[in-house]
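So the protein lines, in turn, are chains A and B. In case it helps, the working numbering puts the first sequence at residues 13 to 333. In case it helps, the working numbering puts the second sequence at residues 5 to 752.
Bear in mind the hints are in silico, worked out from the structure with no lab data behind them. Please note that a few of the clues may not be correct.
One-sided and incomplete, this derived list gives chain A residues near chain B with beta-carbon spacing under 7 Å [claimed, not checked]:
hint, residue
1, P35
2, K40
3, A44
4, P71
5, Q183
6, V330
In silico EDC-like pairs for lysine to aspartate or glutamate, Cα to Cα no more than 20 Å straight-line [unchecked claim]:
hint, chain 1, residue 1, chain 2, residue 2
7, B, K566, A, D177
8, B, K564, A, D177
9, B, K564, A, D289
10, A, K157, A, D177
11, A, K157, A, D67
12, B, K730, A, E34
13, A, K220, B, D334
14, A, K40, B, D339
15, A, K318, A, E243
16, B, K730, A, D289
17, A, K157, A, D328
18, B, K279, B, E751
19, A, K157, A, E34
20, B, K730, A, D67
21, B, K377, A, D211
22, A, K127, A, D98
23, B, K288, B, E735
24, A, K108, B, E735
25, B, K566, A, D289
26, A, K220, B, D339
27, B, K377, A, E232
28, B, K377, A, D230
29, A, K164, A, D126
From chain A, some residues computed to sit far from chain B (all C-beta separations above 10 Å) [said to hold, decoys possible]:
hint, residue
30, K120
31, L123
32, E129
33, G137
34, S153
35, Y189
36, K197
37, Q210
38, V231
All C-beta atoms in this analysis are idealised placements derived from N, C-alpha and C, irrespective of residue type, glycine included.
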Amino acid sequence: MKKYLSIIFIFIIFVSCEESFEPFGNLKEKYALNCIIRGDTTFQVATLTRTYANDNYNPYSNTIDPNVKGALIRVWNGDSVVIFRDTTFNRQDDSKYQIPYNAYYTNKFTLVGDKLEIEAILPSGMRLTSQSNIPNPIKFSYVDKVVPPLTKTYVEFIWDVGTIDNAYLTQVSIYYYKKNDPQRKTRIAYVPARYVNQDGRSFAIYPKPSNNNKFVLDVETISKTMQLISEGDPDKSNYVILGPYLEVASFNKSMSTYFNSIARTNDAYTVNLNELDYTNINNGIGIFGVFLRNYWSFDFTHAYIKSFGYTPGLADVVPPI
Amino acid sequence: MRKAYHLSLFVFLLQIFLLFPNNNSLAQDTGILRGLVTDSTTAEALAFSSAYIKELKIGANTDTRGYFLITSVPANQNFTLVVSYVGYSTKTMTIRVSKGKLSHYNIKLAPANIQMRTIESIGERIKATDSKISIDRISAKQLELTPKGVESDVFRTIKYLPGVTSTSDVSARYYVRGGTSDQNLVLVDGITIYNPFHALGLFSVVDPDIVNSIEFFKGGFGAQFGGRLSSVMNIILKDGNKNRLSSKLSGSFLSGKFLVEGPMGEGSFIITGRKSFSNQIIKKFLNENNVPVDFYDISFKANYIDADFLPGSKFSVNGFSSSDNLNNADPSIEDYNWKSNAFGFKWFQASDAPLFFELGLSVSNFNGSTVPKFSGKTPLDNKVSDLALKMDFTYVFENRGEINVGFHVQQIATDLNFVNALGAPVTFNTSGANIIFYGIYKLAQFDFFKLDFGTRVNLTTLSRNSSKKGLEPRINLTLIPFSNFSVKGSAGIFQQELTTINDENEVINIFEPWIVIPDYLPPTTATHYIIGFDYTPFTSLNLGLEYYYKRTNNLPIVNKEKISSTDRDFISGEGESYGIESSIKLDIEPVTFSTSYTLAYAYRTVNSLRYYPKYDIRHSFNASLEFNLGSGWNTGIVWIYNSGLPFTQIVGFYDKYYFDNIFTSWVNFDPRRPYGILGVQNIERLPTYHRLDFTVSKKFIFDPFNIDLSFSIINVYNRQNIFYYKRDTGERVNMLPFLPTATIKIEL
Chain A
13 MKKYLSIIFI FIIFVSCEES FEPFGNLKEK YALNCIIRGD TTFQVATLTR
63 TYANDNYNPY SNTIDPNVKG ALIRVWNGDS VVIFRDTTFN RQDDSKYQIP
113 YNAYYTNKFT LVGDKLEIEA ILPSGMRLTS QSNIPNPIKF SYVDKVVPPL
163 TKTYVEFIWD VGTIDNAYLT QVSIYYYKKN DPQRKTRIAY VPARYVNQDG
213 RSFAIYPKPS NNNKFVLDVE TISKTMQLIS EGDPDKSNYV ILGPYLEVAS
263 FNKSMSTYFN SIARTNDAYT VNLNELDYTN INNGIGIFGV FLRNYWSFDF
313 THAYIKSFGY TPGLADVVPP I
Chain B
5 MRKAYHLSLF VFLLQIFLLF PNNNSLAQDT GILRGLVTDS TTAEALAFSS
55 AYIKELKIGA NTDTRGYFLI TSVPANQNFT LVVSYVGYST KTMTIRVSKG
105 KLSHYNIKLA PANIQMRTIE SIGERIKATD SKISIDRISA KQLELTPKGV
155 ESDVFRTIKY LPGVTSTSDV SARYYVRGGT SDQNLVLVDG ITIYNPFHAL
205 GLFSVVDPDI VNSIEFFKGG FGAQFGGRLS SVMNIILKDG NKNRLSSKLS
255 GSFLSGKFLV EGPMGEGSFI ITGRKSFSNQ IIKKFLNENN VPVDFYDISF
305 KANYIDADFL PGSKFSVNGF SSSDNLNNAD PSIEDYNWKS NAFGFKWFQA
355 SDAPLFFELG LSVSNFNGST VPKFSGKTPL DNKVSDLALK MDFTYVFENR
405 GEINVGFHVQ QIATDLNFVN ALGAPVTFNT SGANIIFYGI YKLAQFDFFK
455 LDFGTRVNLT TLSRNSSKKG LEPRINLTLI PFSNFSVKGS AGIFQQELTT
505 INDENEVINI FEPWIVIPDY LPPTTATHYI IGFDYTPFTS LNLGLEYYYK
555 RTNNLPIVNK EKISSTDRDF ISGEGESYGI ESSIKLDIEP VTFSTSYTLA
605 YAYRTVNSLR YYPKYDIRHS FNASLEFNLG SGWNTGIVWI YNSGLPFTQI
655 VGFYDKYYFD NIFTSWVNFD PRRPYGILGV QNIERLPTYH RLDFTVSKKF
705 IFDPFNIDLS FSIINVYNRQ NIFYYKRDTG ERVNMLPFLP TATIKIEL
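Looking at chain B on its own, in the form it has when it is part of the complex:
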């Protein structure tokens, strides 16, 4: 019955798409302009650059592939197209479209002699028309300029964004607007990556050197994204230099890296690898504890373009592999191994009509295991297998309206086997297919009002719980009363059927095993409401403010009270979060200043107990200042201030029995050790956290090499930020101390 309902809904939506008024056929006095914006030196696509027809005062941003489409351009007339992108010389060119036809332009932008900063700081006129909300776009250059914690890191960079919190310097794990860390979707060129962390969560597995750009949605994301409740990090990989072969070597105190890229036939390739070689820096992160972790990752991408074979097409393959091994020489300490592998194929097709089509096939695997050896720790083995087929269509109407439809099939199998502390084997093996259809219509014909609405239709779900949701409707709207001021709003329903077995009280963990939510629990759902405004009083100044409210139902919580094999492993909880995020960005060459303040509240309710989750930060303030000093010199500072994280006080100790040898009479000795008794969960707050980071870099040419030297200081004034108190000894453990680091990159 339910399947029949889904099928009829799918057919209905398909009919709407097919029958939607296509004004293109009616508008015979106009044509369509399509452009592909690339870097003139590498031919790398420039995502999110701005294209603007001066005389018509209309424009568009490029998509993640560097393409833009502008419809309803009067035919057979010359117009001035202005294409701009931060860090590149603005290009002004004459364009002319033919009546009733699509005219394509390849637009190459030359890098300017300034450092690229935020993409958002330009193209303001175009940005105001964008109905997307709660989105941050980060370029590769911005990743480079952010002060480094040892080395550039994708995840550590987003922790500076308002609404994104972290529980420590130590971990790259992040929490978005009161959501748990497993509610964050990480996509690398469209492929889901599970456990994207190296070394106990210290660093991300994605090498920033292969990243073209990042779209980061903190909420209100479109119906094309699903399976997670809180955020989407859409990482777009570089294609590789199409013009010349180049290579790069770099080293930090943590790892050594290489990168090779160059042309390959009609296409290009890029391959990068990274290998850890020292644990000394990791010790600094972990309170001087020796953690013998060893990791590597390797990524590649190759693409093929042949106008003779299939005009407007692009084929690409990309792969990714990362591995972490934590092997101890001591047989009484367990070993850990975890690996992620992904491989994907994509066919992108730009047709003669204002239509883009993309077909993607991918496989992503995660495998993590605990090898107890003779430690007493129980063995654990977790496998995740994700096989995905995705078809996405984008069609732009003459009235500038746009429709996106897609059909995604994701076959996910999770396999978790472990032996519990009593020696009983526990197995969670689930396999299922999530087949979805989505449709989004973007109403863009009015200058003062933009609207996009759509839904995800879950034709099948992973969970067999009957309360799963078939529809996930979402809506975004934008009002533009003035050209430099816009008001945006968003609402939507989101569903998640995968969860990690993460204990929310762990401040450091090795890796988080993934499972499909057991059938006895309903899938987790969240409702987002967001409203905000964006104001650009001057070209160089941008002000933003957003209010969000998020309610999460059926949150799976590890049942800590499980004492019997018949007790359930998970119980259901509820989550609620809301807050206000404000930001100011000032860009006056050669200085960029940005600051943000967030007031946030997050709650969780489990077994009728409402408490603050460990990542609830009430006040958060970030300020960053970047200077382009010229002659290849750049410097920047970032200051972060967070009010204290919640923690649970110890309200006393008692002598707890630890029977080290039950066979021995314990009358004459005392088998007891002190044990801390906890008060009300997370009712108290740790002291405020603040830290100043500094970085300076210099690029110079030492023919034939381009050399990039970078020096950073983490925690310049050596703030003693508390991490946690050891419950057994009362010892205070602090986060990162004053830590100078350096990296060197040599490019050939």
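So here's chain A without its partners, still in its complex pose:
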């Protein structure tokens, strides 16, 4: 009996031993340069951060701001060079970093040519570089101009296909203001791609980046958004509707790929331990990309606006037949 108990005891000792195990390796120092050039503004921002680690493996518990100050960031834009200034921005979000965040900016940037190059020289002398092409502006080949159209229940916008693999993101906004607002501040209601009703609740599904050169929106979805503008407010006529606005962001190839990589996250169940981390920064990580914002304004008929009890804010239009 003693022999068996000894064997069991040795077995328990053996299986109870916890091995030392380190899921995290030694910190690999890398620098992330992020700069997304927007074609619709002269104000551009770039950020430079370092990699970090913390003792309890949870990155969200790191509160030491990883932003790098004192670097020289330059962007070659056609024949000119723009230097980004070192500055700090106050945060409006509930970031884990409790201090204003450091970034680099310029407010003198206008896109010229078809190619950009960026260079960041860190205080340590390390040099990060990248190149990026500028996407072509969108040329709409078909648009619906008036809501609601006479012969269909949806509106459609088609543009010419740009460079292969370019991605697009769309957004429809409805601009309005309230009569009783002395400042007549313009407000915006964003129209989702669709509303879905599930278990008595309505979910708004917003558009995702895609390389489709077409955007289709049901009038029903626009109408639901129109209703929500004044939800709970009996004074409908107080709302003055200016009109809807379509924005199409067109991304250059590196931005498209970046979107592809962050959209390539797993489904709700798959556990993948090594998904793609795309970067186009030489000697570092991050993204240098360009996107253009393209606009198309269309109109609501007065009859349509009034059907919600609202007040039209612009001249009436007649839907084309």
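Got chain A sorted already, so can you dock chain B onto it with the hints?
Only chain B this time, still in chain A's reference frame:
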């Protein structure tokens, strides 16, 4: 030109078969003994049982249909035939064959009052003459006795075998000798099943209650099997009880099942179905995550035997259908549906000569789809259609030599449509016919030396790549210097033209879409070399040792670096694996003890980077102990020890940009979230894995019911085996904790 070459080769091999010296016609002083071994209570065929003529010291094992053939039996003399099978009373009977004729005996074995264990533990003398290598045979009873992870499962049972690895408790997916999971062929009564998994790979779709036996080849399999590189699981279904109608109901924490079987005219039928009814157990497997998976499967088989219609014939049909639905109430989470359906017809003919013929027609379909709803996940639809015609002949010569030839036509269409993350539709539609001829000759006339050699001849292939291989030659040999000791060796070339789009870094996935390897990649090929010995110093003790080496070329790897629509979806890699597997089996009534140790190395080379694949386990040790306590009580424990799996360390985090709304200025907020940076792929090892499972069962009669109660504990000492670390939060996720489960079976 290539077709003409194949055709001439086919004709040449056919001529060899036709002209092969048939000594049967010369041996007029002998006869042929043929037997069909069945269970006396159900008339179920007993595959792999042993038949032995005492005076002549010659014998044979039954095949998967319960038949055996012994040639060169001196005519007109009485001999003693001993037929045995574990769990059945050994039958000794007198046989007599007629000169120049075939004499058939129907042999019925009565179940003994002991529990059946491993088939390998008996008939050792017969086994030593078998030139097959790297094969494990598992009976239905053995499936029952293996400690259950919730309930009996075919795939989970084979994970206890040396050379078979798994990456977690969670998945029933298995990896054989360094091969990927899609290199494992699963045949159910000869029909290929694609994606044979329920519920994210947690359970197999094959209900063990309908399984008669399983042949599992870990390598070196014969030329009759093809299309996969690593292993073949040949699942033989039961025919159904030919003597009486019976039914069975059973339930576990996971599913409810029924089974009905009985005689049908001159034949019999069996039908079984299973339906999930609770997700609570699945939550335990998935770190308490709620996965609303719902599944069912249904299988049936019917056979017809009529000696008046066609003596020696047997006709059977079998079908199988399984379906999984993972539907979410939340419209922002995608749905998944996947289904497998199969239907087959077989005509088996035993002739008056020592010749068996089998004709099989089957169709097997798989359909899996991702319904994105409003999740942002892109839609995916995968269809596999497999239509097969198989003709197989087995002929035994007077000198005990045996020839197997066959002609297989497999029309396979794979259809994969999905929208990539950029919204671009991607289509892989391929259809082709794999027409093969195979021939195997088994040299068995010498007691000390056995040899079987043969080849698969690919007359046409699925892939249109010009580097496809026409021949897949294979050879097995056995040296038997002593009656209880044999040395075996095997070598062969294997080719595979189908692959799954599986990301090797996924530790859990829903289902794996199948496609024919794109034409721009050559078909995957593997070369196996195996050598081993088998030693049985005592009837109750068996020792085995095998060394294997496997090299895989043109391994299709999903191109993770694909960033442009013009980039290829797959790139080619190489694989290499080798190892030593040892096993000890001790069977002293009422105890069976078995243990195995495997030392294995697996490598993969992609883009000049050589690394360990995720299933590379260096040391693996299993020990199992089964007790037959009598009075219907049985108990067993299994302890598994694996050295750590490879993993990639996180070497830091950085704040990665996630543009939740690109239209909004992000100057005043921070659209960044932490993102783990990975080190060198799979260079580090997770802690060792070990687990003790326990099961106890009791059978009793509560007239008119036979009741089987079973209670199991998974992970008895609650070992915290690590599954993975979440890359985004650093949270450790463990595998199964201490988990007691129970099942009840009621048989009428």
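Restraint check for K564 of chain B with D177 of chain A, where alpha carbons must lie at most 20 Å apart: holds (17 Å)
Do the numbers back the hint for K40 of chain A, that is, is its least Cβ distance to chain B under 7 Å? At 4 Å from the nearest chain B Cβ, K40 of chain A passes the 7 Å test, so the hint holds.
Taking the least C-beta to C-beta distance, is V330 of chain A closer than 7 Å to chain B? For V330 of chain A, the interface hint is violated, since the closest Cβ of chain B sits about 30 Å away, which is over 7 Å.
Do the alpha carbons of K730 of chain B and D67 of chain A lie within 20 Å of each other, as the hint requires? holds (16 Å)
For the pair we were handed, K279 of chain B and E751 of chain B, check the Cα-Cα distance against 20 Å. Holds, at roughly 18 Å.
Between K377 of chain B and D211 of chain A, does the CA-CA distance stay at or below 20 Å? Given that 20 Å is the threshold and the Cα spacing comes to 15 Å, the pair holds.
Far enough from chain B: is every CB of that chain over 10 Å from the CB of V231 of chain A? holds (19 Å)
Verify the proposed pairing of K564 of chain B with D289 of chain A, using a straight-line Cα cut of 20 Å. Holds, because 10 Å separates the two Cα atoms, which is no more than 20 Å.
Closest C-beta approach of P35 of chain A to chain B relative to 7 Å, hint status: Interface hint status for P35 of chain A: holds (5 Å vs cutoff 7 Å).
Take a quick look at whether K318 of chain A and E243 of chain A sit within 20 Å of each other, Cα to Cα. Holds, because 16 Å separates the two Cα atoms, which is no more than 20 Å.
Check whether the Cα positions of K157 of chain A and E34 of chain A lie no farther apart than 20 Å. violated (61 Å)
Non-interface claim for G137 of chain A versus chain B (Cβ beyond 10 Å): About 20 Å separates G137 of chain A from the closest Cβ of chain B, which puts it past 10 Å; holds.
In terms of the numbered hints stated before, the structure departs from hints 6, 10, 11, 14, 19, 22, 29 and 37, listed from lowest to highest.
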